[in-house]
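Enquirer: Once you've looked at the hints, dock chain B against the given chain A.
2 protein chains.
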Amino acid sequence: MENFRFYVPTDVRFGKDRLKDELADVLNLYGKTVLLAYGGGSIKKNGLYDQVLSLMKDNQNKVVELSGIEPNPRVETVDRGIALCREHQVDVILAVGGGSTIDCTKVIAAGFYAEEPAWELVSKRKGFNGPALPLVTVLTLAATGSEMNGGAVITNLATNQKLGVGGPSVLPKVSFLDPQNTYTVPAYQTAAGSADILSHLFENYFKKTVGADVQDSVSEGLMRTVIKNCPTALKTPDDYDARANLMWASSLALNGLTGNGKSGAWSCHPMEHELSAFYDITHGIGLAILTPRWMKYVLSEETVSKFSQFAENVWGIKEQDEFVAAKKGIQAVYDFFKACGIPMTLPEVGINEEKLSLMAEQAVKHSTIETDAYMPLSKEDVVKIYQDCMTESSYY
Amino acid sequence: MENFRFYVPTDVRFGKDRLKDELADVLNLYGKTVLLAYGGGSIKKNGLYDQVLSLMKDNQNKVVELSGIEPNPRVETVDRGIALCREHQVDVILAVGGGSTIDCTKVIAAGFYAEEPAWELVSKRKGFNGPALPLVTVLTLAATGSEMNGGAVITNLATNQKLGVGGPSVLPKVSFLDPQNTYTVPAYQTAAGSADILSHLFENYFKKTVGADVQDSVSEGLMRTVIKNCPTALKTPDDYDARANLMWASSLALNGLTGNGKSGAWSCHPMEHELSAFYDITHGIGLAILTPRWMKYVLSEETVSKFSQFAENVWGIKEQDEFVAAKKGIQAVYDFFKACGIPMTLPEVGINEEKLSLMAEQAVKHSTIETDAYMPLSKEDVVKIYQDCMTESSYY
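Residue numbers (the numbering used here), protein chains in the order written: chain A, 28 to 423; chain B, 28 to 423.
Just so you know, these hints were derived from the structure itself, not from any lab. Any given hint might turn out to be false.
[As the list claims (entries may be wrong)] Below, in silico cross-link-like pairs of lysine-lysine (DSS-like), each with a Cα-Cα straight-line distance of 27 Å or less:
1) K47/B / K72/B
2) K43/A / K235/B
3) K151/A / K392/A
4) K345/A / K355/B
All values derive from a computational prediction rather than experimental measurement.
Pulled out of the complex, with its shape left as it was, chain A reads as follows (with noise of 0.2 Å):
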């Protein structure tokens, strides 16, 4: 195990019903002046704006609202953000959401204080020490972690950039998490969200650092809650108990309790970032199109131990053969994200040949896959993994 430090004083208020008693205390820890962000308009449709509104209302905040913030949030989404804050001098950011919403919210909170312009912000992955606007978020999806974590993707479509950055000090401060807020996502969102916080934990767990065996005990845990909840919540759509450990799993995911102590770069992320900076596609669908190919791709004398104890802890899969179980295991990945009604190829989601070698080159250029991964990646590995995507696949 490396060393590490967890450090996570983000306040989750978990379960039902919390923000009619909650959530007025907690702004007025920061103050009256609001900035409520929001995508797209399915919280005005569940009912869930009106809530908050209300509840803000009651308190006698001053809200200022940015709506509109994208699936892949972009740059120009964070600098109206910034400018939002800045003109009605705004004391506390209340981010009303999935992970893209808070994520954008992050580079706001800390572009607040910074002089520069958020994609120099951004692009210099300096990290966000210092100073920024206090953050607090309703989760209304369970995928990204990003409510417990610091970190977050902004994306340039200017530049087809898709960067990650982020620091201690855009953590929220209180994430209210009420998976009754995941009711209303619809099946494809919640196939995709389970996608991306399974992701989390693969990319995690397949490292190179040995001995780690709490986060990877941690990890085949949290994978197999998935893999058993995402079903029944397409399935049964307000099925409380599925909703709250997909969403309880997606923060455990990725807030360093699965990560921290293991070294090395993730692998599918820098892929898959690269098909929705030029595409625009949902990150968690991209991600499990490509899990699977770069698994049988790795898979080795060197990686298959770890395969197979993969195989058999998650998916209780054993054999004698431990290549068999690796790739059972492998085919288990494939064949759950298939059950979950996830388009499994790349031209499903309209991704031809075309720039195939062009994404590969920034994968590897905007990451060190090629060094630091599981399995290092050159651009050439990237291409053949993108390739065998473009057909459905199987081990057997």
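Expert: Below, chain B without anything else, positioned relative to chain A:
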């Protein structure tokens, strides 16, 4: 899953050799006058005392020492610590030790600002939400999880009481977790600490709340981690990864991760607290002796599914008949503790039949196991469980 709050702002600095570069900066956040609290002097043997003192000397700290904190810390020691802090106007407490030392300093931290004597603070069980001295810890034993939670257990031998108390204001600000500091922990204490970790996991796992898959699957993973790594640490005391996994598991087993979101009282801890209140035995040993007997006692049609899940997911025991699986799982718990060198009967730790009835009465009186436990336990039930601990036992 029940509603819960998860708020654990302890800054964990995990890994090798961090004190040297980080201790002074951490202490300087709070001030120069430090109460250095420790136990029976094992830190003087292994060099940690000298290292910490030397670092504080270089940092020009004024150091006040509270030594001799007992394995079951006594209220008189808490009072002594409070008096020292007041006399020297201490700015920050540095606890170097295991759970007992840390627990003791938590009540000192809160007691410093309280008007009541320490025992009144503890026995009123109001919870520590008000002001408290900042607490920094250097952990030397993987066991109680006190390094990452707000709980403390204090013993009053005059009244034969051992009571839990706590609150968010006494959560350690920073905890240094260096697995190397546990290399010199003797085998008996290593086993007892592992039993304590497992017991925290068992207590949270076997609660009435259903549908808390995240909590339960994380628990299962941490159990597997302890079951794998404790024997390694016993055999090779300086195996870094084994010690690291036990240490990090100890923190995560009782920081809310496996318990928050589930309701109900713990079962074995209240029964054990009486054993160590009356006989001053090692807490983890008492838990190890009680746990398999308690499991056997509460196994029924109502609980068999959970116990067979436990057998399969933790011990890899899969059987057609749930009861057979459950019994094998319980036997595995017993056999594991025995193989770790733990004396598995009460007479072996100096407890005879004499006070069983009195202790059972107190266990019920000092807790809510009669109403809120996984399976409610009356005084008579507790007597039977104690009695089953008088001799070696097995299912097969």
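Enquirer: Identify every previously stated hint that the structure contradicts and give their numbers, smallest first.
Expert: Structure breaks no hint.
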